[in-house]
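Please construct the entire structure, taking both the sequences and the accompanying hints into account.
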Amino acid sequence: MLAKKTQEPLEKKSRFTLPGLRWWMFSFFILVMIINYIDRSSISIAMPLISKELHLNSVTIGIILSSFSWTYAIMQLPGGWLVDKLKPRKIVTTSLVGWGIAEAITGFASGVATLLGMRMLLGLFEGPVQNGANTSLIRWLRKHERSRGSTLVDGGGPLGTAIGGLFVTGLIIWLGSWRLAFAAVGIITVLIGVIAWLFMRDNPADHPMITEEEKNYLAKIDEEDKDETDNVTGFAGKYFLHLSPWMLLLAFFGYDIVLFGLLTWAPTYISEAQHISLGMTGIWTFVIFGAGFVGEVFAGQLADFLIRRGANVNAVLRTMLGFAGLGVAAAIILVSHVSTASSAILLITLANFFLRWGGLYWSIPARLAAKKHVGQLTGAMNFSGNVAGIIIPILIGFIVEATNSYAGVFVTFAIAGLLMAIGSVVINYSRKIKI
0 MLAKKTQEPL EKKSRFTLPG LRWWMFSFFI LVMIINYIDR SSISIAMPLI SKELHLNSVT
60 IGIILSSFSW TYAIMQLPGG WLVDKLKPRK IVTTSLVGWG IAEAITGFAS GVATLLGMRM
120 LLGLFEGPVQ NGANTSLIRW LRKHERSRGS TLVDGGGPLG TAIGGLFVTG LIIWLGSWRL
180 AFAAVGIITV LIGVIAWLFM RDNPADHPMI TEEEKNYLAK IDEEDKDETD NVTGFAGKYF
240 LHLSPWMLLL AFFGYDIVLF GLLTWAPTYI SEAQHISLGM TGIWTFVIFG AGFVGEVFAG
300 QLADFLIRRG ANVNAVLRTM LGFAGLGVAA AIILVSHVST ASSAILLITL ANFFLRWGGL
360 YWSIPARLAA KKHVGQLTGA MNFSGNVAGI IIPILIGFIV EATNSYAGVF VTFAIAGLLM
420 AIGSVVINYS RKIKI
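Going by numbering that gives the first Met the number 0, the sequence shown opens with residue 0, and the numbers climb by one from there.
Think of the hints as simulated: they come from the structure by calculation, not from any bench. Computed from a predicted model, the values in this text were never measured in an experiment. Don't take every hint at face value.
Keeping only pairs whose Cα atoms sit at most 25 Å apart, straight-line, the calculated DSS-like set for lysine-lysine is [to be verified]:
(1) K86 <-> K214
(2) K237 <-> K84
(3) K86 <-> K370
Pair by pair, the computed Cβ-Cβ distance ranges are [what the hints assert, rightly or not]:
(4) L30 <-> K237: 32 to 40 Å
(5) P207 <-> A329: 46 to 54 Å
(6) H274 <-> N215: 54 to 62 Å
Idealized CB from N, CA, C, for every residue including glycine.
As structure tokens, then:
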């Protein structure tokens, strides 16, 4: 008995801890989102090769690129509920393994039907991941850290697309096949899923690597949210009796029109409309989406800095997100009016820099809803965005097929930027909605 008693403190004392674990956790979520977007964008990068091999026209390409969002959008509402009920660790792990398998099988596609099926399966499994990350945001970060945390996690999107441009292009060139490249990326994703289960914890206090100091620091989260979440019994749908959630959906719809438009069609535009080689397409894709990552991290840091210094939350977020939407509209509308490929691509790069300030949207459900409803409001927001994700790839395909030009596409993007700005300046970010 004595030996056992003296052994326990020694074991506790020798436990390996990781200072700043919450930021390691969110660095891991960046990795998850990088993998998410590498897998998601790989078909866009390989599409010039796939379309030649399978003899696809612009309309068919648009349908294939859209098909991911069919199931991704459907999963947003039940996905938010699943995250709230089953917790992020189980959902993120299952999602990674599932979409990794779907990505690998895509490499064996023999025609349009197989491509559609695997893209839909990919969307089904990727659907709940952003909800899982956003729910973890309010479990692992204090209020004043959440804008930075949301943009840090969502920043994995443009970073993954940027890296994917180089990585997938490099794999295709190295392996000599887009099919083998898809299989390799899928296997890597499954391995990341195993790491997710080993490293993630839903409750910071349960993580074996957390320091006592950080555990005490994060214990104040419940105290910060207590007055806003106690005795919440209303149905989550009641949030939509208020204006702010509807404006959030409108703004996010506009945001995702441009996001999904660039994500799905930018490599094809660069390759075919600007007549650039596969290798250079990968490099330009890296530039465009790398700028998006820089913009997203910059916006998160700036918003947290201003709010921490006592700036009014409404003033900060309305100004930043409204300006971002106008920046997108102004830059993108000029693309059709320049004569060189480099000028057009640099304007798209500037538009994507401003667009990814919209990573701040992922922090907004936690500002508007009680903790128990954050996953569901996030799901509703992401559903609206993925309706855009369904529409825009097909619409672009029809515009390009009918006009043999991308001019109408850039006008559509500019209108979407204005929707983003309008919705953003109407939302009341300063208090949670009582239901």
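Now for the hints, and whether the structure bears them out:
no., hint, verdict
1, K86 <-> K214, "holds (19 Å)"
2, K237 <-> K84, "holds (20 Å)"
3, K86 <-> K370, "holds (13 Å)"
4, L30 <-> K237: 32 to 40 Å, "holds (36 Å)"
5, P207 <-> A329: 46 to 54 Å, "holds (50 Å)"
6, H274 <-> N215: 54 to 62 Å, "holds (60 Å)"
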